[in-house]
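Engineer: Read off the chains here:
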Amino acid sequence: MSITIEQRRQHRLMTIEKSLATRHRKEKRFRRLGLMAVMTGMTLVAILFASILMRGVPAFWQATFFMELYFDPEVIQLEEKPERASGESPSDFNQRLSAWQTQAGLVNWQVLIDRALEDKLSEDLEPSQLRDLRALLASNERFTLRNKFMDDPSLLGQTIEVKMLASANVDVWLKGNIDRDLADARQQLSAQTRAWADQLYEEGIIRNAFSTALFLNTDSRSSPASAGLAGAFMGSLFMMMIVIALSVPLGVASAVYLEEFAPKNRLTDIIEININNLAAVPSIVFGLLGASIFIGYLGLPLSAPLVGGLVLTLMTLPTIIIATRASLRSIPPSIRQAALGIGASKVQTVFHHVLPIALPGILTGSILGVAQALGETAPLLLIGMNAFVANVPSTPFEQSAALPVQIYLWQGNELRNFFEARTSAAIIVLLALMLSLNALAIWLRKKFETRW
Amino acid sequence: MTMSVSKQALGVAVVAALSASVSTSAMARETVQIAGSSTVLPFASIVAEEFGNTFSQFNTPVVGSGGSGGGLRQFCQGVGENTIDIANSSRAIRSGEVANCNENGVNEILEVMFGYDGIVFASRIDRAEFELTPEHVFKAAAAQVTVDGELVANPYTRWSDVDSSLPDQEIVLVIPASNHGTREVFEEKVIHIGCESVAEVEGDACNNLRGDGRIVEIAGDYTETLARLDAQADAIGVFGLSFYDQNRDRLQVATVNGVVPSLETIGSGEYPVSRPLFFYVKGEHLDVIPGLAEYTEFFLNDMISGFGSPLEDAGLIPMDEAERAEALEQFQARTVVSPAE
Numbered sequence: 000m001s002i003t004i005e006q007r008r009q010h011r012l013m014t015i016e017k018s019l020a021t022r023h024r025k026e027k028r029f030r031r032l033g034l035m036a037v038m039t040g041m042t043l044v045a046i047l048f049a050s051i052l053m054r055g056v057p058a059f060w061q062a063t064f065f066m067e068l069y070f071d072p073e074v075i076q077l078e079e080k081p082e083r084a085s086g087e088s089p090s091d092f093n094q095r096l097s098a099w100q101t102q103a104g105l106v107n108w109q110v111l112i113d114r115a116l117e118d119k120l121s122e123d124l125e126p127s128q129l130r131d132l133r134a135l136l137a138s139n140e141r142f143t144l145r146n147k148f149m150d151d152p153s154l155l156g157q158t159i160e161v162k163m164l165a166s167a168n169v170d171v172w173l174k175g176n177i178d179r180d181l182a183d184a185r186q187q188l189s190a191q192t193r194a195w196a197d198q199l200y201e202e203g204i205i206r207n208a209f210s211t212a213l214f215l216n217t218d219s220r221s222s223p224a225s226a227g228l229a230g231a232f233m234g235s236l237f238m239m240m241i242v243i244a245l246s247v248p249l250g251v252a253s254a255v256y257l258e259e260f261a262p263k264n265r266l267t268d269i270i271e272i273n274i275n276n277l278a279a280v281p282s283i284v285f286g287l288l289g290a291s292i293f294i295g296y297l298g299l300p301l302s303a304p305l306v307g308g309l310v311l312t313l314m315t316l317p318t319i320i321i322a323t324r325a326s327l328r329s330i331p332p333s334i335r336q337a338a339l340g341i342g343a344s345k346v347q348t349v350f351h352h353v354l355p356i357a358l359p360g361i362l363t364g365s366i367l368g369v370a371q372a373l374g375e376t377a378p379l380l381l382i383g384m385n386a387f388v389a390n391v392p393s394t395p396f397e398q399s400a401a402l403p404v405q406i407y408l409w410q411g412n413e414l415r416n417f418f419e420a421r422t423s424a425a426i427i428v429l430l431a432l433m434l435s436l437n438a439l440a441i442w443l444r445k446k447f448e449t450r451w
Numbered sequence: 000m001t002m003s004v005s006k007q008a009l010g011v012a013v014v015a016a017l018s019a020s021v022s023t024s025a026m027a028r029e030t031v032q033i034a035g036s037s038t039v040l041p042f043a044s045i046v047a048e049e050f051g052n053t054f055s056q057f058n059t060p061v062v063g064s065g066g067s068g069g070g071l072r073q074f075c076q077g078v079g080e081n082t083i084d085i086a087n088s089s090r091a092i093r094s095g096e097v098a099n100c101n102e103n104g105v106n107e108i109l110e111v112m113f114g115y116d117g118i119v120f121a122s123r124i125d126r127a128e129f130e131l132t133p134e135h136v137f138k139a140a141a142a143q144v145t146v147d148g149e150l151v152a153n154p155y156t157r158w159s160d161v162d163s164s165l166p167d168q169e170i171v172l173v174i175p176a177s178n179h180g181t182r183e184v185f186e187e188k189v190i191h192i193g194c195e196s197v198a199e200v201e202g203d204a205c206n207n208l209r210g211d212g213r214i215v216e217i218a219g220d221y222t223e224t225l226a227r228l229d230a231q232a233d234a235i236g237v238f239g240l241s242f243y244d245q246n247r248d249r250l251q252v253a254t255v256n257g258v259v260p261s262l263e264t265i266g267s268g269e270y271p272v273s274r275p276l277f278f279y280v281k282g283e284h285l286d287v288i289p290g291l292a293e294y295t296e297f298f299l300n301d302m303i304s305g306f307g308s309p310l311e312d313a314g315l316i317p318m319d320e321a322e323r324a325e326a327l328e329q330f331q332a333r334t335v336v337s338p339a340e
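Protein sequence lines, in the order shown, are assigned to chains V and E. Counting in numbering that gives the first Met the number 0, the first sequence runs from 0 upward without gaps. Counting in numbering that gives the first Met the number 0, the second sequence runs from 0 upward without gaps.
FYI, nobody ran anything at the bench for these hints, they're computed from the structure. Keep in mind that the hints are not guaranteed to be accurate.
Claimed, not checked - Between beta-carbon pairs, the in silico distance windows are: (1) P57(V) to A152(E): 48 to 58 Å; (2) G257(E) to D150(V): 51 to 61 Å; (3) V56(V) to E29(E): 34 to 44 Å; (4) Q198(V) to G210(E): 30 to 40 Å; (5) M35(V) to H191(E): 25 to 35 Å.
Claimed, not checked - Partial chain V-side listing against chain E, Cβ under 7 Å, derived: (6) L181; (7) A208; (8) L301; (9) F387; (10) V391; (11) Q398.
To be verified - Which stretches of chain V does chain E cover? Using the computed rule of at least three CB atoms under 8 Å from a CB of chain E, they are: (12) 91-102; (13) 158-166; (14) 215-227.
All values reported here derive from a predicted model rather than from experimental measurement. Glycine residues also receive a C-beta, built at the ideal position from the N, C-alpha and C atoms.
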């Protein structure tokens, strides 16, 4: 009798041990799979970032000329820059000033650059070599020179050290982004220009300097080396201001109403379902809507950050409503009950007790929504924001590009050798902005977080 | 209390922003707005930039893309400040588009021709060289061809099947989709001419391209075509001359009828696949939008679009003096495109 009991116990123990071993194996396998999933994700992100950084980081430095330039009074034959006389009306003065500016525009600034270069190359140039010479420098630099002079006419007759961008093809050549062994017919620059570029680089007149143009200039097609992100950045900034000004108050107000005040019935259910549906609508649909309503019906301007901001507001609104509601729902009812219990009204309860606690969640949701809107491209293409704009917009009503659209435009530029790196650099700038917005969201959440 | 005050402030801000947006919609636009052909876009952008830099009193025009068809559709939406002023087009406007324009109140369509562009066939630099004729391309691309006097579904899979002089390479042809003006030129100057050599195929049947994946249509820019060539090493792409020119280190160009495409051979008409480039100006906007007439005349200036100009550097084939003078004269006389054309 006792033996059989003992045997049975043994048997049972063995069964348990066996199943335990299987369970442990299963658990290990599951953990390993989980770890592998995480590792795969991390590796993919690492590859993505590494490839963008590897291609984009070199574009933050670009071939730049550092040389003396003589503001030759024989070339710059201009009257004195008009000063406002006492008693002169502003419109008269502006007229005189703009006449002077037109005159300054007619000066052959290119000649000054040509002469400075000739000086550096210490060669006597044939007129036929002028084309090769001009291929060295970004063609927009003559306007930079003009603007420098217009700001400070006392430069006349002086020799100063100036910093000028080399042309895009020279940058490509010096960085080795084009195969240096290719035959002449396949090169973008003539043999002469290439030899000069190498010579000047060795002499230190062309240096690989940090590219301020990338941040301070607008997009450029006539002089690709000077293409920058300033216009796109301002456009994105205006759009985000509009998105924040419209979607945060609207989103938070509707979430508070739906969560705290609205009765729970069929109608609010339908509204809730539709908000969730709206969050799932592809962004390009909002673009189509924006094009037909804001531009077609309301007659708002094409390519303007105003319209972009409105379209992105529509897109961000459901995200903010959902985040705010989730954040309100996570607040324990005891807080509301306590407030109501000591005689606070419903509104007082919400504004004095519930909202402050929900604030970190609302802020996080809003910032993430705005960050998503910042990177959105598709709807902007439909409202004409993919246009080439060479001005920095000063109001949201002026035409402008936006950062993600600028990336799209540069990606499509025909000068591939130069713009492949430039595009990656723009992506790095956009990613850096996104990451800092996300960091801000995390910081705010930590700062205002309430624990109980 | 503080909460409700700031909420009020936010409400005021929202109302202010909305009313501001409504009031400015009545404000006059001061910047010329352009859209259309992606072939013309680089040229128009360069002109716009030079224009803005040269005339300090005008804003730099804004140049959008969308293809010739897309640009003309936007152009014909009507007259008013939220419609574009200029449509770039790599083909002449169609009579249907003129009718659509007129219906929407756009009656003064001013056509401006500003130069020529060549269309080239290019393949990857590490592949064989091609010497094509329109007939080769038609036989490689058509849905039906004749074999032994009979009309059959296109049986060719390699270029050497089409003609023994061509390399033994898979047939994959990457062409622009129909939203591009380039497509029309490709059909007219290559496919139709090649089609004529095949007596059995006539009329609309000439336009039937094979649908077995050997013809790839690209709706985007030439960069997309280039990316396709990166992925499919054997593919031959259809590009504008200027695009090829700026990517000579990656692409090699095929001759057509034995002629190498270049500024000279296209300018002289020796290379057969070329076309004039246009933009269309909305006459109704000329006195409303500042800088519109000046931009047009600036574009036609010899310094900008003539020989040795920035546009020639960018790959445009300039018009000769007589053509330039005629284009300018037509614009200045406000010669309107008639719907019957």
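Engineer: For each hint, tell me whether it holds in the structure or not.
Structural biologist: Going through the hints against the structure:
Checked against the hint of 48 to 58 Å, the pair P57(V) and A152(E) passes, with Cβ atoms roughly 51 Å apart. Distance hint check for G257(E) and D150(V): the Cβ-Cβ separation is about 56 Å, which falls inside the suggested range of 51 to 61 Å. For V56(V) and E29(E), the hinted distance range of 34 to 44 Å is satisfied, since their beta carbons lie about 39 Å from each other. Between Q198(V) and G210(E) the C-beta distance comes to about 56 Å, which lies outside the given range of 30 to 40 Å.
Range check, M35(V) to H191(E): Cβ separation about 58 Å, and the 25 to 35 Å hint is violated. Given the 7 Å rule on beta carbons, the hint for L181(V) holds: about 6 Å separates it from the nearest Cβ of chain E. For A208(V), the interface hint is violated, since its Cβ never comes within 7 Å of a Cβ in chain E; the closest pair sits about 24 Å apart. Contact between L301(V) and chain E, as hinted, is supported at the beta carbon level, the nearest pair being about 6 Å apart and thus within 7 Å.
Hint on F387(V) holds. Least Cβ distance to chain E is approximately 4 Å, under the 7 Å limit. Look at V391(V): its Cβ only gets to about 10 Å from chain E, farther than 7 Å, so that hint breaks. Here the hint on Q398(V) is kept, as its CB sits about 4 Å from the closest CB of chain E, short of 7 Å. Remark: the segment 91-102 of chain V is confirmed as covered by chain E, as 3 of its residues place a Cβ nearer than 8 Å to a Cβ of that chain, reaching the required three.
Chain E is given as covering the segment 158-166 of chain V, and this is violated because 0 residues of the stretch bring a CB closer than 8 Å to a CB of that chain, at least three being needed. Counting residues of the segment 215-227 of chain V whose beta carbon lies closer than 8 Å to any beta carbon of chain E gives 4, which reaches the threshold of three, so the coverage claim holds.
Of the hints listed earlier, those the structure fails to meet are numbers 4, 5, 7, 10 and 13, in rising order.
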